[in-house]
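With the hints as constraints, model all of the structure from the sequences given.
Number of protein chains: 4
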Amino acid sequence: MRYREMKYSFRNDYSEMCHPEIMTALIEAKNEQNVGYGLDIHTDNAKLLIREKLECENCDIHFVTGGTQANVSVISYALRAFEAVLACESGHINVHETGAIEATGHKVYTVKGRNGKLYPSDITKSLKYHQDEHMVKIGMVYISQSTEIGTVYTYDELRALYNCCKENNLYLYIDGARLSSGLAASDVHFNMLKDLCDVMYIGGTKIGMLSGEGIVIFNDKLKPYFRYHIKNKGAMLAKGYVVGIQFEAAFKDDLYFKMGQHENELARFLSSELKQLGIPMLSESPTNQIFPIFNKDDVNELAKLYEFEIWEEVENQIAIRFVTSWFTTKEKCIELINDIKNLIQ
Amino acid sequence: MRYREMKYSFRNDYSEMCHPEIMTALIEAKNEQNVGYGLDIHTDNAKLLIREKLECENCDIHFVTGGTQANVSVISYALRAFEAVLACESGHINVHETGAIEATGHKVYTVKGRNGKLYPSDITKSLKYHQDEHMVKIGMVYISQSTEIGTVYTYDELRALYNCCKENNLYLYIDGARLSSGLAASDVHFNMLKDLCDVMYIGGTKIGMLSGEGIVIFNDKLKPYFRYHIKNKGAMLAKGYVVGIQFEAAFKDDLYFKMGQHENELARFLSSELKQLGIPMLSESPTNQIFPIFNKDDVNELAKLYEFEIWEEVENQIAIRFVTSWFTTKEKCIELINDIKNLIQ
Amino acid sequence: MRYREMKYSFRNDYSEMCHPEIMTALIEAKNEQNVGYGLDIHTDNAKLLIREKLECENCDIHFVTGGTQANVSVISYALRAFEAVLACESGHINVHETGAIEATGHKVYTVKGRNGKLYPSDITKSLKYHQDEHMVKIGMVYISQSTEIGTVYTYDELRALYNCCKENNLYLYIDGARLSSGLAASDVHFNMLKDLCDVMYIGGTKIGMLSGEGIVIFNDKLKPYFRYHIKNKGAMLAKGYVVGIQFEAAFKDDLYFKMGQHENELARFLSSELKQLGIPMLSESPTNQIFPIFNKDDVNELAKLYEFEIWEEVENQIAIRFVTSWFTTKEKCIELINDIKNLIQ
Amino acid sequence: MRYREMKYSFRNDYSEMCHPEIMTALIEAKNEQNVGYGLDIHTDNAKLLIREKLECENCDIHFVTGGTQANVSVISYALRAFEAVLACESGHINVHETGAIEATGHKVYTVKGRNGKLYPSDITKSLKYHQDEHMVKIGMVYISQSTEIGTVYTYDELRALYNCCKENNLYLYIDGARLSSGLAASDVHFNMLKDLCDVMYIGGTKIGMLSGEGIVIFNDKLKPYFRYHIKNKGAMLAKGYVVGIQFEAAFKDDLYFKMGQHENELARFLSSELKQLGIPMLSESPTNQIFPIFNKDDVNELAKLYEFEIWEEVENQIAIRFVTSWFTTKEKCIELINDIKNLIQ
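Protein chains in written order, with our numbering: chain A, 10 to 354; chain B, 10 to 354; chain C, 10 to 354; chain D, 10 to 354.
If you're looking for bench data, these hints aren't it; they were derived computationally from the structure. Hints should not be assumed to be uniformly reliable.
Repeated chains share a single entry, so a pair holds when one copy, or any two copies, can fit it.
Heads up, simulated DSS-like pairs for lysine-lysine below, C-alpha to C-alpha not over 25 Å straight-line [as the list claims (entries may be wrong)]: (1) K284 to K339; (2) K350 to K339; (3) K121 to K137; (4) K134 to K121; (5) K175 to K134; (6) K39 to K339; (7) K175 to K232; (8) K284 to K341; (9) K137 to K232; (10) K232 to K341; (11) K39 to K261; (12) K305 to K137; (13) K16 to K339; (14) K62 to K267; (15) K134 to K305; (16) K39 to K341; (17) K230 to K261; (18) K16 to K39; (19) K16 to K341; (20) K261 to K62; (21) K305 to K284; (22) K284 to K313; (23) K230 to K175.
This is how it looks when you write it as structure tokens:
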């Protein structure tokens, strides 16, 4: 059997198993017997805790194991056959889900947006364009908090977007794959979300859990028989309590929110140090993904020391992506900064 | 927060987290960084180990997180739009997946079968019935080993079935949700499977893992771009190494096979003790599911002491289901027998 | 170029173009310009006429070009992803649409039924069987009037069935591919249908039109945005007026109903003459399909003279199908009877 | 019953029933009996005639009743679940089919193109962008001849595009809704098409038939069981001979090609007269759609006299669309020109 030496990785936030407190919770349950399919006491507790933090008793919560599953389950439930979901061109459902939404029969209609974000004018323009039965009907708006390029919606932006959706009879869905990081970097608090969208998911895979995402449904119209739909989409887990236990642990003492704060702090530290070194950034990201720009030789050298993602070419230079996670330490960030210093001097 | 007292459960084989050796493997990896999406070294090792046990170097292996996901991924990949999969009426894809196969566009064409099993005559009759383009074309045959009612295919039965499939240009697919138990109860050995089907999955969720199923593709026609298909079906796990680590542990020292043997032994023990008490059985099951028949009052009393499934009414009596797992102990089986003795005397 | 001599055909009711009055209506419109997509005046008139005959002002009517299109459009509109349609095993959507319903994502759940018909007990048993989210949810009941084997529902049967559907929150859908023939043979009148189902289609292809089926929606829940859905299913015709003109002609002077009466009269004539010759029938069909049973040699001889369908083997004999249409004449029926007389004597 | 006065229409090429020769062919067959589902002699003859004109014996031909049906049938047959079709943003399948392609599970991936046309660089860029299994795989390229905005591919353009497709293992599919007009305006001849694409459809609805499109499959890989697929998509017509008769008539004496020439001549006449009046055009279209630009008042006045389509706003003016068809006469074009002259003077 082979074992691979791996460089320290800033590639993404799903390279490490799970936060120690979550692992502990799993270990503690190792001799339990639990009912299957998410009908267990841990899942119940996780739902109670999330509802408490949301200050919302009436939302429905369902756990699935991955972001694409969450997106597929929610979007295909909400839309009728002839309806499309509106998203940014950079939206995860448009780019990085191998047509999973279309596989359930729905067009992902995209607009350019700005900084990875949609604005009310994007919605109204899209609606105006789709005038009759020869074109799809827009039924839902999909956004991410934080976005695929690390930006966040402010409260005012989200409020305006949701108002626009309500005026136009559209569902607003928030993909919260990195919700913890998004919340820690914006003036949108967790308990405000119930008034800012119809449905969202609380990402676990990218926020310190083995796997698991919690779909939260605020709008009553999206609630009936949702468990049937999850099962129909292959997203119902027999050992649902494995996800329930993790969300129970993550929401018992604000661990979920602390992980996002930790990520953001380290990313901001990295970002400010890099700027001091004169390294330009592709974008202003206040969250756990940052996009410094290096020349090609430096990228090649850096790649001998660290794992990271090549993002895109920028005028003969290369933007790369560093991602911090619950696992990332300040020490490793300092090492990285020092290695970069040596490299560029 | 509420905590629920739970009676000891013989309800199913997914009530308990995972075998201690598998938990240990997960804990050991807690400080690792691994590449995502199943491209990590643990997943590689798991594949190597499975190929070794199969004595088959050329099969493709892909891990997903649930049985329905595995079935959906395999069946919808293999079939063209107008093709159907043939299954027993009792087949899991027909009864208990909430139309997940149909949701990908394919009819599940069913025949009655015998003892939960299909026979070559079922196939040839089905083919004869589907004569032209006004009817679906049968493209794949779906069976389970062990079956949904605990029976197993013998080597000769499986050989005959696969020969029939090959003669008729059909794929044969084995749902191995309980493969370990099925193998331990039949003369079909793991390394024979490469010659007895085109594709199968090795069940982990019901055999001592947190979750995870290993799809094994023998037929070259079913291999190209399968990773795209898994992603398209929402079944690709970002933290794929979490499943990889578990399969690595399960196949390092025959743990996977031992768990099935353990289950079957306890089920046979239960079964023979119950027969000695004069309790009739719904069927002869050599695997980890058994179906004793009690009168209704006894079922009600027993339900105060244990968790189990009500299976079906049988002439004013009730067949219930006991399932054993890696977690079940002989002590608990003896307790159960004693409680039943007290009950019926 | 080759031309084929064809024997006189009793094979089906779609072997001949269209009734002369319908052809005349088409020819009269040959120099018109009409708006596309069914928004023309002829289509409007056809809808008015149908609503008048139905004595129902509030139903929505949409024309498509084939029965499978109508079935696909209606069923996939009415059902949510995890819902199934209940049908007889012999139902057209189950047997003869090459999985078109499943291709839109829905299971066709079947029961045996009696004489090609469903009864309330079939519904209640099916509902009882589907208990939780691991199984599909029955959302709609599909029946045909007349049925695939020529039988018809009486008013009382249909009333009981629809009541049962309403009590159980199910849609009832009538496939009226041969509605004209079905109505002419039962005590169900056209204007009763509004109170006996939620949606139906009025078959044109098998009742004297070039092609075209009129979907009639009584239940308000099935109305919104239905045109979008038809387009999404590829069933919206650019030259919708071609179908509109035909339905206008068929409903102007009861032609639609007369064609069914004509068919049934000739089928009954055939049927009674054959019985007088001592020829047994597979079933009692009061509509335009009859199923006499002959020995194999006679079938072979008859096949030299006429086109007809081989239906099924019945104890070493063969049931064949004769179908009458608007085109069939009494003279040809007498010829057929005489040829059969000569054959069997 | 109401009857509507209609202004003379230049709105589109499907406002009129069918060419007199096609109507005659239909009338001549009115007393025939024909086999159903396109297995009749007329359909056979139509196929023979088309193959002769294509100088291609080995292509498969299938008739369906509408363009969306043809597109859905071909594209969903050719692509695997995770594959997308590449099209221009202006492509009919992207804009005007209400998500019908996505409804069969496939993403329509779009690029801007130029003048409604795709170029090899569009393909290679798209392929470069789609790198791994997290993104859809491009499997087919969709183009229209003529395009949605009236332009045409030259032989060299089409040759380059097809070569690019072959080098990259992609299918090239030509939507020929207006093929006759496209051919009459380009140096691509009908008999060249067999070497310039894998599959195409010959449009009938927009070229003088009641309805009907002829799918022509050149690539052997796209042939097996295609009839099953058509039926599965609800696109198989019981009275297939109704379409067969029309294509037989259209291809017997080059009528199909003459109709396109007629359309283009009148459109060119209109176009050159309008230019002489100093009216600007949105684009240079050599086919039967032209796009003159008027000020808003003139458009309103013209709309009192003629039916036409509002296309788009162009700097406070409005581009409208005139479409000519087999039905359009030179007299009516002259009338239109005169009315415009009066209007703008």
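Status of the hints after comparison with the structure:
1. K284 to K339: Close inside one copy (17 Å), not across copies (65 Å); limit 25 Å.
2. K350 to K339: The answer is within: 16 Å in one copy meets 25 Å, while 64 Å across copies does not.
3. K121 to K137: both (16 Å within a copy, 20 Å between copies)
4. K134 to K121: both (12 Å within a copy, 18 Å between copies)
5. K175 to K134: within (16 Å within a copy, 38 Å between copies)
6. K39 to K339: The answer is between: 19 Å across copies meets 25 Å, while 33 Å in one copy does not.
7. K175 to K232: both (18 Å within a copy, 22 Å between copies)
8. K284 to K341: This pair counts as within: shortest intra-copy Cα distance 18 Å, inter-copy 64 Å.
9. K137 to K232: between (29 Å within a copy, 23 Å between copies)
10. K232 to K341: neither (44 Å within a copy, 41 Å between copies)
11. K39 to K261: Close inside one copy (19 Å) and across copies (21 Å); limit 25 Å.
12. K305 to K137: between (44 Å within a copy, 20 Å between copies)
13. K16 to K339: within (17 Å within a copy, 47 Å between copies)
14. K62 to K267: Within. Shortest intra-copy distance 14 Å satisfies the 25 Å Cα cut-off; inter-copy 44 Å does not.
15. K134 to K305: Classified as between; 22 Å across copies, 40 Å inside a copy.
16. K39 to K341: Answer is between; shortest inter-copy Cα gap is 18 Å, intra-copy 33 Å.
17. K230 to K261: Classified as neither: same-chain Cα gap 29 Å, cross-chain 43 Å, threshold 25 Å.
18. K16 to K39: For K16 and K39, the Cα distance is within 25 Å only across copies (16 Å; inside one copy 32 Å).
19. K16 to K341: within (12 Å within a copy, 48 Å between copies)
20. K261 to K62: Classified as within: same-chain Cα gap 10 Å, cross-chain 43 Å, threshold 25 Å.
21. K305 to K284: within (18 Å within a copy, 54 Å between copies)
22. K284 to K313: This pair counts as within: shortest intra-copy Cα distance 22 Å, inter-copy 65 Å.
23. K230 to K175: both (13 Å within a copy, 22 Å between copies)
Checked against the numbered hints above, the structure violates hints 10, 17; every other hint is satisfied.
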